[in-house]
Amino acid sequence: MNDPHLTTTAELIALNDLEALRRLPNLDRTPFEARTLKSGILTALTWIAALLASVPLLSVIYMLVVEGGSRLDWEALTALPPSAFEQGGGFGNAIIGTLVMVGLATLISVPIGLFAAVYLAILDPDSRLAHSVRFLSKTLTGFPSILAGVFIYAALVVSMKTYSALAGGVALAVLMLPTVVLAAEQAMMMVPKKMKDAAFGMGCTRAQVIWKVVLPTGAPGILTGVMLAIAGAAGNSAPLLFTALFSSYYLTSLTEPTASLAILIFNFSGMPYENQIELAWAASLVLVMVILLFNILARIIGRRKY
Amino acid sequence: MNATPKTTVAGAVPAAPAGAVVMNCQIDKVFYGDFLAVRASTVPIEKNKITGFIGPSGCGKSTVLRSLNRMNDLIPIFRFEGKVTYHGQDIYDKKVDPVVVRRYIGMVFQQPNPFAMSIYDNVAFGLRLNGFKGDLDERVEKALKGAACWNEVKDKLKNSGLSLSGGQQQRLCIARAIATEPDVLLMDEPCSALDPIATRRVEELMLELKEKYTIALVTHNMQQATRVADTTAFFGVDISQGSRTGYLVEMGPTRQIFEDPQQQLTGEYVRGEFS
Numbered sequence: 001m002n003d004p005h006l007t008t009t010a011e012l013i014a015l016n017d018l019e020a021l022r023r024l025p026n027l028d029r030t031p032f033e034a035r036t037l038k039s040g041i042l043t044a045l046t047w048i049a050a051l052l053a054s055v056p057l058l059s060v061i062y063m064l065v066v067e068g069g070s071r072l073d074w075e076a077l078t079a080l081p082p083s084a085f086e087q088g089g090g091f092g093n094a095i096i097g098t099l100v101m102v103g104l105a106t107l108i109s110v111p112i113g114l115f116a117a118v119y120l121a122i123l124d125p126d127s128r129l130a131h132s133v134r135f136l137s138k139t140l141t142g143f144p145s146i147l148a149g150v151f152i153y154a155a156l157v158v159s160m161k162t163y164s165a166l167a168g169g170v171a172l173a174v175l176m177l178p179t180v181v182l183a184a185e186q187a188m189m190m191v192p193k194k195m196k197d198a199a200f201g202m203g204c205t206r207a208q209v210i211w212k213v214v215l216p217t218g219a220p221g222i223l224t225g226v227m228l229a230i231a232g233a234a235g236n237s238a239p240l241l242f243t244a245l246f247s248s249y250y251l252t253s254l255t256e257p258t259a260s261l262a263i264l265i266f267n268f269s270g271m272p273y274e275n276q277i278e279l280a281w282a283a284s285l286v287l288v289m290v291i292l293l294f295n296i297l298a299r300i301i302g303r304r305k306y
Numbered sequence: 001m002n003a004t005p006k007t008t009v010a011g012a013v014p015a016a017p018a019g020a021v022v023m024n025c026q027i028d029k030v031f032y033g034d035f036l037a038v039r040a041s042t043v044p045i046e047k048n049k050i051t052g053f054i055g056p057s058g059c060g061k062s063t064v065l066r067s068l069n070r071m072n073d074l075i076p077i078f079r080f081e082g083k084v085t086y087h088g089q090d091i092y093d094k095k096v097d098p099v100v101v102r103r104y105i106g107m108v109f110q111q112p113n114p115f116a117m118s119i120y121d122n123v124a125f126g127l128r129l130n131g132f133k134g135d136l137d138e139r140v141e142k143a144l145k146g147a148a149c150w151n152e153v154k155d156k157l158k159n160s161g162l163s164l165s166g167g168q169q170q171r172l173c174i175a176r177a178i179a180t181e182p183d184v185l186l187m188d189e190p191c192s193a194l195d196p197i198a199t200r201r202v203e204e205l206m207l208e209l210k211e212k213y214t215i216a217l218v219t220h221n222m223q224q225a226t227r228v229a230d231t232t233a234f235f236g237v238d239i240s241q242g243s244r245t246g247y248l249v250e251m252g253p254t255r256q257i258f259e260d261p262q263q264q265l266t267g268e269y270v271r272g273e274f275s
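In order, the protein sequences belong to chains A and B.
Take the first sequence: its letter number 285 is residue 285 in my numbering, and every next letter is one higher.
Take the second sequence: its letter number 198 is residue 198 in my numbering, and every next letter is one higher.
In case anyone wonders, no lab produced these hints; they're calculated from the structure.
Just so it is clear, CB atoms sit at the ideal spot from N, CA and C, and this is done for glycine as well.
Be aware that a few hints might be false.
Unchecked claim - Just some of the chain B residues that point at chain A, by a computed CB distance under 7 Å:
(1) 74
(2) 78
(3) 82
(4) 99
(5) 102
(6) 103
(7) 107
(8) 113
(9) 117
(10) 126
(11) 160
(12) 240
Please put together the full structure from these sequences, using the hints given.
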């Protein structure tokens, strides 16, 4: 034991020194010891949980492809919705309506959201106004979307005396705004202070620091947030119920009732007609693909260039 | 220009610069809120020389350096009393725009801080900012050569500035700073995040750069000051008032500061008796 000369296992075996062999540290794996087992079981559990988390999405997509795929043809994508006993038809106007209203909502919420985020992240992050806005935005992200619809109904539909694409777009913008603000603020906060210092040190004004360094550096994160907000808005039906309502015709003006995919699915899925139910499935598939497309775009754009 | 500053602190040894003084920093008091960070100190910066600032932690050497291009103005509670003359003009005068000051007095920071853009765009940044109309490619190449990193990056100018190693990033930052050909370069411990080989290269670079530029260098490393600085300013910390206030103890030719200091405190510091 006190021998300063360390003998290798092979030497000890050759010497047949069993006593010394027993004293050697045991470094073998012990798969059935309690702590090894516990670790293995816990690892397996995380695997199972991860698989379970993907089951709902995958089964929804499977259902949609099976049920909606058969009706997904050119007519469905371009024709107008059928009336009660009519055969055929489609939801072209609803696709246009959804794209127009989501586009409108993006045009409203992105500029406001970006400016608000600049204020929150850079200009005055610790002011009372900033703290309040941050708190309200976080609250608003969990806001029941139907209330946004009711709010815009009271604010716009009543005064304009008509349901409209405009009101629908504003309602969606209300829902998108907090997501855009918080994502953009987060992305701008992630820009390292040393980069801003470098820009100031080069002789940039505060506006130039924001415009030339903070926004380009934070752009991937900001775009990801915007894309996710768009995807969320595209699938939302509740805020449109009281604002855009529905229409069986193509959009001709922003101030008339407008069709959307979400409302079409809501209406048609509850009807007792086979044709309408099939179209609701196909419209659902289109909507999911649009949202998926935006999510994929968000990931591609979100990839850091530098 | 005030080439022979008067003694403002009892016992402090002011510099007696021999050459032309580009900047003369005459601090009366510098505050962060109520905290007196630096008291009366006069630091002339000579043309085409490297002026090293040394001293223990908290002695205000970085504060003084950052006062020279008004970088400290970005800290809301910072307050400067005194003046910094640059070609005879007080840069703390009300009519002076700090943004413009920083275009003439460039800065290299402790941590390499390239922008998240290509190597080329990093160097071209200041030129574009100033609305440069000439041959951008030529100026970028010249700046990168000036910062001794052209050979390493010439084939990957489109790559991210952040893809370079720490030492290369710091030389890229130097290239970015000299691309606009500023008058004075302020370097705030530019090698503290670099390994010894990269440090050596940046030091060699500083010696080349002083042919064209005037450099003020804060360093925590006394050997670095002896290797590169022509003039050295030693700052101390006064804790007698219950606070920690930095002040200039002694300034003079580097050789004199290290071999024949006039102040006892300077001698103790350069012999490594405290840090």
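Exercise for the section: Provide an ascending list of the numbers of those earlier hints which the structure does not satisfy. Expected result: 2, 3 and 12
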